[in-house]
Amino acid sequence: MTVLQTIAVAFAMFSAVPVPQFDWNEKNMRYSLCAFPLVGVLCGALWCVCASLPLPAMVRAAGFCLIPVWVTGGIHLDGYA
Numbered sequence: 005m006t007v008l009q010t011i012a013v014a015f016a017m018f019s020a021v022p023v024p025q026f027d028w029n030e031k032n033m034r035y036s037l038c039a040f041p042l043v044g045v046l047c048g049a050l051w052c053v054c055a056s057l058p059l060p061a062m063v064r065a066a067g068f069c070l071i072p073v074w075v076t077g078g079i080h081l082d083g084y085a
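At the far end of the sequence shown sits residue 85, using this note's numbering, and the numbering has no gaps.
Not one of these hints is a red herring.
When the alpha-carbon atoms are kept at most 25 Å apart in a straight line, the in silico SDA-like pairs for lysine to any residue are as follows: (1) K31 / Q9; (2) K31 / L42; (3) K31 / T76; (4) K31 / V21; (5) K31 / V43; (6) K31 / L8; (7) K31 / V45; (8) K31 / G44.
Simulated from the structure, these hints should not be mistaken for lab results.
Construct the complete structure from the given sequences, taking the supplied hints into account.
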């Protein structure tokens, strides 16, 4: 269960995806660094889905810009401003 708790802590820190709440103890936080790329994998998977949809280029471009905002809640997107 520690692996799932670690992944949940990583998603709670770096995404807007609702996850069950677990204690943020030292054991879960120690390995959460290993689960951070999973947030990026989710974002990349949604980009692939957006790219494969038969939509006009402008709609896909808007999707490419909005997906990281939806997944991460806009964290580290200062460059869009």
